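**Student:** The lines below spell out each chain.
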Amino acid sequence: MKSLIIYCSKTGNTHKVAQRFARGLGGEADIVRLDLSPEGIMKEFHPAFTWDVAPYDLVCLGGWVMVMKVHPFLAAYIEACRNLEGKRVAAFLTGGAIFSRNHAYQDLTRLLEKRKARLIRFHYTTTLLGLTLTRSKLERAEQFGHDVRHLVEEG
Amino acid sequence: MDGFWPTFIRRPQTPPRYAEKTAGQPMTSFLSPRVVTVPLQETPQDVFQCLVKAKDEVAAGQKIGERGAPPFVLSVHASISGTVREIDTLPCPHGNNLTSVVIESDGNTNGCVKVASGRGNIETLLDAGISLDYEKWSGEKIEVLLVNATEFDPYMTVSHQILREKPDHVVKGLKTLMDSFSIPRGHLCVERDQVSSIKALKESAQAVPGVNVHPVPKAYPPAAEPLLLRNLLKQREALVPNRVGTVDVCQLVAVSDAVMQRLPFIERPITVVGSGVSSPQNIRVRIGTTFGEVLTHCGGDLERITQIVMGGGLTGISQHSSSVPVTQKTTGILAMIAFMMTEGHHSKIYERGDCVRCAKCVDCCPVSIQPNLIAAYCEKRRFEEAVQNGLFVCVDCGLCSYVCPARIPLSHMIKTAKSRGDLRTMTSPPGVV
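In order, the protein sequences belong to chains A and B. Just so we're on the same page, the numbering used here is the position in the first sequence counted from 1, plus 2. Just so we're on the same page, the numbering used here is the position in the second sequence counted from 1, plus 873.
Think of the hints as simulated: they come from the structure by calculation, not from any bench. Keep in mind it's a predicted model, so treat the numbers as computed, not measured. Treat the hints with caution; some may be incorrect.
[Claimed, not checked] Keeping only pairs whose Cα atoms sit at most 30 Å apart, straight-line, the calculated DSBU-like set for lysine-lysine is: (1) A/K45 - B/K1288; (2) A/K18 - B/K894; (3) A/K71 - A/K45; (4) B/K894 - A/K12; (5) A/K45 - B/K894; (6) B/K1091 - A/K45; (7) A/K45 - B/K936; (8) A/K89 - A/K12.
[To be verified] One side only, chain B facing chain A, incomplete, derived with CB under 10 Å: (9) S1151; (10) P1153; (11) G1172; (12) G1173; (13) D1174; (14) R1280.
All C-beta atoms, glycine included, are put in the ideal place defined by N, C-alpha and C.
With the hints as extra help, turn the sequences into a complete structure.
**Tutor:** Laid out in structure tokens, this is it:
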């Protein structure tokens, strides 16, 4: 199974979650952290970054929730990437508080429906600026990676 | 820089240099492109004459066209040897469509046709295709020849690299121009932190009377040479632009090559940098090589790159296609991966807001005009007032857009207003600057 893990992180919480998720997922994975300037310009060359997701079996999207919506960078990637139609997508979002979970989930499903992608699993971590990003939450993220792997392997 | 921080924290007035990726690396070469597109004109109004037709065989350095009216007829050369595919009106990186000759390479990259010898220096320079302001320099009494060897744009390091590698050529080129046009003084301005280049230039300039090397504290934008001269000589009358000639560092090297080795100006160094290329570098390319080919050579993937800019981040021009050619005035290519934020996900932070009169643009403006006021007049289409406030004094440095906390595209608005044809006749009053 070849998977693409693409996420944006500002303070490093989503980065921690993404690392644990990748450990749980295992297999061959291209991990891309979107390091962008506020205007949306990538700062450094990233060899694994691609707009074309055709070669991957699974696309994992990660990001932080900004004003109860998926972060603009992740939304821009979902709208702009090629060959997302019919792809299996797993998403993990992090946010300050638990009450933005459903709003962000709705926003994400709307974005993915527009691209006709299939959201197989969704995970939300409450971080509260990193204060509540506990070890158990990271373990849950790793478990989420395991679950996604099983789902994909079972078809 | 999210939220209220952009407004209340003073950002540095100049952007970071981002020079560490390309500075100090030896210059590489890419002299074997498959296809080149050589523009015969510089602006769409230029008079030109094409000397070849489709399916002609041309050699590198062979004259394929002429530009301008007599007595100063500039030659245009084929930059590679091969076959002429077509002669057509094609886009150029400055935003115009120009008549260009497309040449397909035959794979032979050795040698080039040299410029005819035994003529005067000015004729040699015209034959070598070096685009200088011949008419002004010959007709009027030029007192000072100014070379702005500073790099104003972030990412661009090509001038520094030329100074580091060829200080002798730069001084020789300057000497040649001063002798040919009988200009008594030449000023070469280098940024103060380029210590080794300054040392080498001063050593070369010792034997040449009239050439002065000036370390300057900060970089000046390419169009702000009168300002640079004013700061340099501490004279207000130095502002009179008729007595000042300006020339580029790359052109000086070309002048020296043309006079010493009889080489036409068919290749130039450029900086290729940005998040879209894996190996950013200063690279020597043939005039007319398409941006796409240069980027592919430097490890860029055209599928991934979403924004291509000719020049640096501040004064550069964004391109709509990767098929535009490198011209004699291209200093570099900035290729970036940019995310276009879409409707509904475009946060207010990144959107354009209202002007809060913070006056950061006024603080940073190198020519001391009020960009916010001028842009507001331009937006209301009150161009007369915009011109009175110094619309045409603007040197397109782009710093106002960079510092604006409300993300108002000031520099873009001013540039658009300046390009209007009906404003050309207006002049700003003398007291503006």
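**Student:** Look at each hint and say if it fits the structure.
**Tutor:** Taking the hints in turn, this is what the structure says about them:
no. : hint            : in the structure
1   : A/K45 - B/K1288 : 27 Å, holds
2   : A/K18 - B/K894  : 29 Å, holds
3   : A/K71 - A/K45   : 24 Å, holds
4   : B/K894 - A/K12  : 24 Å, holds
5   : A/K45 - B/K894  : 12 Å, holds
6   : B/K1091 - A/K45 : 25 Å, holds
7   : A/K45 - B/K936  : 42 Å, violated
8   : A/K89 - A/K12   : 27 Å, holds
9   : S1151           : 5 Å, holds
10  : P1153           : 8 Å, holds
11  : G1172           : 8 Å, holds
12  : G1173           : 9 Å, holds
13  : D1174           : 8 Å, holds
14  : R1280           : 8 Å, holds
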